[in-house]
Amino acid sequence: MAIVETHDLSFDYIRRDEDGNVSGINRALDDVEISVEKGEFIAILGGNGSGKSTLAKHINAILYPTEGYVLVDGKKTDDEANTLTIRQKAGMIFQNPDNQIVGSIVEEDVGFGPENMGIPSDNIWERVEEALKILGMWEYRKHSPMRLSGGQKQRVAIAGVVAMHPECIIMDEPTAMLDPVGRKDVIRAARALNDVEKITIILITHYMEEVVYADRVFVMQDGKVRMTGTPREIFSRVEELQELRLGIPQATRLAYELKKRGLTWLPDGILTEKELVTELWRSYSTM
Amino acid sequence: MAIILDHVNYIYSKGTSDEIKALDDVSFKIEDGDFIGLIGHTGSGKSTLVQHLDGLLKASSGHIYYNGEDIYDRDYDMKSLRGKVGLVFQYPEHQLFEEDVFKDVCFGPRNMGMSEKDTELAAYSALRSVKLPDELYFVSPFELSGGQKRRAAIAGVLAMKPEVLVLDEPTAGLDPEGREEILGLVNELHDEQGITVVLVSHSMEDVADYADHIIVMEKGRVFMDGTPKEVFSHIEELEGIGLAAPQVTYIMHELHRRGFEVDTTVTTIKEAVDSVIGAVWNA
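Residue numbers (our numbering), protein chains in the order written: chain A, 1 to 287; chain B, 1 to 283.
Hints in this document: simulated from the structure, not taken from any laboratory. Where a beta carbon is used, it is the ideal one built from N, C-alpha and C, also for glycine. Be careful, since some hints might not be right.
Below, in silico cross-link-like pairs of lysine-lysine (DSBU-like), each with a Cα-Cα straight-line distance of 30 Å or less [to be verified]:
#1 A:Lys184 x B:Lys219
#2 A:Lys184 x B:Lys270
#3 A:Lys274 x B:Lys131
#4 A:Lys224 x B:Lys149
#5 B:Lys229 x A:Lys184
#6 B:Lys131 x A:Lys224
#7 B:Lys29 x B:Lys58
#8 A:Lys184 x B:Lys149
#9 B:Lys229 x A:Lys274
#10 A:Lys224 x A:Lys198
#11 B:Lys29 x B:Lys14
Which residues of chain A face chain B? A partial, calculated answer using Cβ under 8 Å [what the hints assert, rightly or not]:
#12 Met1
#13 Pro180
#14 Glu257
A short list of chain B residues far from chain A (calculated; beta carbon distances all over 12 Å) [as the list claims (entries may be wrong)]:
#15 Glu98
#16 Glu116
#17 Trp281
Bound conformation, chain A alone:
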């Protein structure tokens, strides 16, 4: 069953001058048609201005379609009666962890969401404990969030969403402001939520190496979905990706360059170092 569906979704940002007259229209989404099944790990790739964040904000009912419609768990997002249910079902994580933390102690911050939903307080503490343990932040529960590293803050923010028991979490470039260690921790957390907790994950990123573990990838440009497929299918199309000016992981780039230089027996769509080494070794040892 689909948890998120968009039909002919288009969205215009309308710019107005000082008198309120329309001075420009910018089509940020153009006829986007996607469907995400429950339990999937989806990655949305695209450069700045490709429309990926605008799409994310539609799934969380922050923006409403100019044309077409969006369904979250079968409910239309532009019907105000659905807004609260949708925001509980589809939680959202943003780029900057500092903008998402409200509590002065980690456990209070994580409890904020469920408390706001009117959950009884015994239940809140259960949910906080469970969420902090899943994200590996339980030992920091009494800390001030402001003294944590970027990656830890981001995991606290994710715990806050997890405590609301969502079915789907949309992460809008959650690693863009983190260092490599923080990036790894956040991606690992996203995979664990998907694998163990069966939460649908929609990860928006411009780092290609973060999409390797996704079930499916959507590549966006100019408000349109340009490519759809498994990471392997997407990564086999190196030239198209280069045209879309997306950064390609070194293992994939090296495999592509080696193929061009005569190692034609290398398969397409190599994703990881391990795969490249295995493929090279297999052919080399039988030569």
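Starting from the structure of chain A, add chain B where the hints point.
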């Protein structure tokens, strides 16, 4: 001509219970025309270090020499140092404030005491070197894209005609296209105008591709100092402090371990392609 750091120490909140030693006996030399990659874990002292290079922070002890002169000397002209060593902060676009791009770029040189005519000439030439399209010179900085804003901010520093350009994570938060654009620009400034570059980065791949000299910081100390090949040959030590080698170096190590005759000191894709092709044909 060079920048020399001689046993530099820096202590935050000195004399309080929160005292932190951010720089611990740091010594190294930056030669004229170098392209330095400065790497290290978050909190290793990189940002504190770069703020010493243009005198924004003053060392608690130790000396810094710029072109042979001690910058802490009483007679030293600190203001001119800030023009010679241009510092581009993290997210520099947050510091754009004027009503149009051109005025913003003029702010630095004017503040340095350049004449009005020289200021405008310097601003034009800086905007040209960052390749911002002419039609954007007189629009509000807030109407530019992320990559364009960042180039405008870099132009503001270039307009002061620095001899050394220090960039603290200039590609943070940009998409791959924007990253390539900024790094390509920095590389051009280095190659064509001979500007000395100090690039602070989290990306080992970027540092391996562009820098000719790498300084690794850890806990306020210089942990390693050498060419990319020298530094990235110490994979285990780097991993021990939360860093890594470029992905392609790992691939070469793994191939070598399996018996391929490849060069494990490779740090860029280009070198890797040649080395693997050579190993395969020689098999």
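Cross-check of the supplied hints:
1. This hinted pair checks out: lysine 184 of chain A and lysine 219 of chain B have alpha carbons roughly 21 Å apart, not beyond 30 Å.
2. For the proposed pair lysine 184 of chain A and lysine 270 of chain B, the alpha carbon gap of about 27 Å is at most 30 Å, so the pair holds.
3. Only pairs whose Cα atoms come within 30 Å are accepted, and lysine 274 of chain A paired with lysine 131 of chain B is rejected, the gap being roughly 40 Å.
4. Annotation: proposed proximity of lysine 224 of chain A to lysine 149 of chain B holds, straight-line Cα distance about 25 Å (limit 30 Å).
5. With a CA separation close to 25 Å, the supplied pair lysine 229 of chain B and lysine 184 of chain A stays within the 30 Å bound.
6. For a cut-off of 30 Å, the pair hint linking lysine 131 of chain B to lysine 224 of chain A stands: about 28 Å separates their Cα positions.
7. Proposed proximity of lysine 29 of chain B and lysine 58 of chain B is supported: the alpha carbons are some 18 Å apart, at most 30 Å.
8. Proximity of lysine 184 of chain A to lysine 149 of chain B is assessed by CA-CA distance (about 29 Å); at most 30 Å being required, the pair is judged to hold.
9. Taking the CA atoms of lysine 229 of chain B and lysine 274 of chain A, the gap is near 22 Å; set against the 30 Å cutoff, the hint holds.
10. Note on lysine 224 of chain A and lysine 198 of chain A: the hinted pairing holds, with a Cα-Cα distance of about 28 Å set against a maximum of 30 Å.
11. A hinted pair counts as satisfied when its Cα atoms are at most 30 Å apart, and lysine 29 of chain B with lysine 14 of chain B qualifies at roughly 27 Å.
12. With a least beta-carbon distance of about 33 Å to chain B, the hint placing methionine 1 of chain A at the interface is violated under the 8 Å criterion.
13. A distance limit of 8 Å between C-beta atoms decides the matter here; for proline 180 of chain A the minimum to chain B is near 6 Å, and the interface restraint holds.
14. At a threshold of 8 Å, the smallest CB-CB gap from glutamate 257 of chain A to chain B is about 5 Å, leaving the interface hint in force.
15. With a cut of 12 Å on Cβ distances, glutamate 98 of chain B stays outside the contact zone with chain A, its closest approach being about 20 Å.
16. A cut-off of 12 Å between C-beta atoms confirms that glutamate 116 of chain B is not in contact with chain A; the least separation is 32 Å.
17. Its closest Cβ contact with chain A, about 9 Å, brings tryptophan 281 of chain B to no more than 12 Å, contrary to its assignment away from the interface.
Comparing the model with each earlier hint shows violations of hints 3, 12 and 17; every other hint is respected.
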